[in-house]
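The numbering of the sequence shown is the working numbering, which starts it at 231 and goes up by one.
Do not rely on the hints blindly, as some may be mistaken.
[To be verified] Result set (SDA-like, lysine to any residue): computed pairs, CA atoms no more than 25 angstroms apart in a straight line: (1) K251 to H342; (2) K453 to S487; (3) K251 to N233; (4) K451 to E535; (5) K475 to G510; (6) K280 to N233; (7) K555 to E545; (8) K475 to L345; (9) K453 to A432.
Rather than coming from a laboratory, the hints here were simulated on the basis of the structure.
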Amino acid sequence: MANLDFVAIGDITTDAFIRLKDAEIHCDINRDKCQLCMDFATKIPYESVKVVPAVGNSANAAVAAARLGLKSALVTNLGDDANGKECIARLREEKVGTDYVKAHANKLTNYHYVLWYEDERTILIKHEEYDYHLPAFMPPKWLYLSSLGASGEKFHTDIANYLDHHPDVKLAFQPGTFQIALGPEKLKRLYARASVFFCNVAEAQTILHSEDADIVKLLSKMKELGPEMVVITDGKKGAYMHYQKEMFFMPPYPDESPPYERTGAGDAFASTFAAALALGKTPLEAIKWSPINSMSVVQRIGAQEGLLSRKKIEEYLKNAPQSYKPEIVV
């Protein structure tokens, strides 16, 4: 595939959303840590189940970019099973290039279980082991790197080498669970190469081995790892950006109705920001696009159904309240 705007790299999965009805949430006094609790050693009824194929951080990003008008493709691994075939078919429906999707014989496709209670979810994950290789492809405008399984540690070196050989390609890095666990030292080439780096507050604390929730300190320390730009999301509160020498706060876009299910809100934010940059928007414009897609995604089940077209995002921007704009923090 030639003339690609946006190539996402990362694991793909199928999510099975199991809506619970008999459960409880136990939290600490500040609601910083909560537990989903159900009766043990019994039968627990559930309300419904919905299976959503071809998701995962990078797959979500590739779909978001395609819906915004970019020519996108996905580099990923899956099994040659029925779930894998369904994932490929779904990507093609979304006009995401599948030339770099590797189907492994006698392997399973990742399959995750999403325990959905009220408007939040707890995800049971399992990354299948694949032999990761970077296929040959023409340099895109943007490379978007996110979640990979533990067997992909050495794969990050291949990606860093590719970026060294193609200095004009911009990197958006949204680390997944395993990449965060690896730490910034093992992935320092990617941190330093990132045009924009995304994580949430809790992830930033984990990466930096810090319990400090001071957003200014977190932004500053993340920036010291090398990214040109750092974006840290803070859930329902909004997001923060360290751009050039200034820090900005971006409020959330007002919800059209109470959130239905929050899976994919962070992916929508990060991928929309990167896609907006690929479309030629400035960072201060891009950060106004991102919360709109996050708002839309949480109105539906799963990470992709609510992703918007460029036309719809621009309509929301026209109708945004005056307070919907980035404000300088420092």
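Hints, one by one, checked against the model:
no., hint, in the structure
1, K251 to H342, "holds (20 angstroms)"
2, K453 to S487, "violated (35 angstroms)"
3, K251 to N233, "violated (48 angstroms)"
4, K451 to E535, "violated (35 angstroms)"
5, K475 to G510, "holds (21 angstroms)"
6, K280 to N233, "violated (36 angstroms)"
7, K555 to E545, "holds (15 angstroms)"
8, K475 to L345, "violated (41 angstroms)"
9, K453 to A432, "holds (16 angstroms)"
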